[in-house]
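Participant: Whole structure, please, built from the sequences with the hints as guidance.
Residue numbers are given in our numbering: position 11 of the sequence shown equals residue 11, and the series is strictly consecutive.
All the given hints hold, so there is nothing to weed out.
Computed beta-carbon distance windows for the label pairs: (1) R47 - A12: 34 to 40 angstroms; (2) R36 - R70: 18 to 24 angstroms; (3) Q26 - L74: 19 to 25 angstroms.
Hints in this document: simulated from the structure, not taken from any laboratory. Computed from a prediction, not measured in an experiment: that's the story for all the values here. Glycine included, every Cβ here is placed at the ideal spot set by N, Cα and C.
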Amino acid sequence: MTIRAVEFSRCACGKERGYDDERTAQKALGRAQAKRDRAGDRRGSRRGLCRENRAYECSEGMWHLTSQSRSEYLLGAAA
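Facilitator: Below you can see the structure in the form of structure tokens.
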């Protein structure tokens with residue numbers, strides 16, 4: 001079996017994983033979600049697993065993954 005990893009690099013904002021463009025980040029998001037689903041299925045429950053929900057662009061122009069929904073982000077920014 002071949003492992004097909006998505007290319008990432010360290011971002012200037014300090015995060016470990018940064019993706020060059022939205023397409024690459026979305027690809028990584030799909031792979032991360034599938035990996036979490038498989039791990040949950042092996043355990044017999046998906047409860048308690050961190051689940052990446054979306055990709056976002058940071059101020060440095062790179063893309064990152066987050067488990068925070070858009071509405072949670074907007075509510076936190078408004079407070």
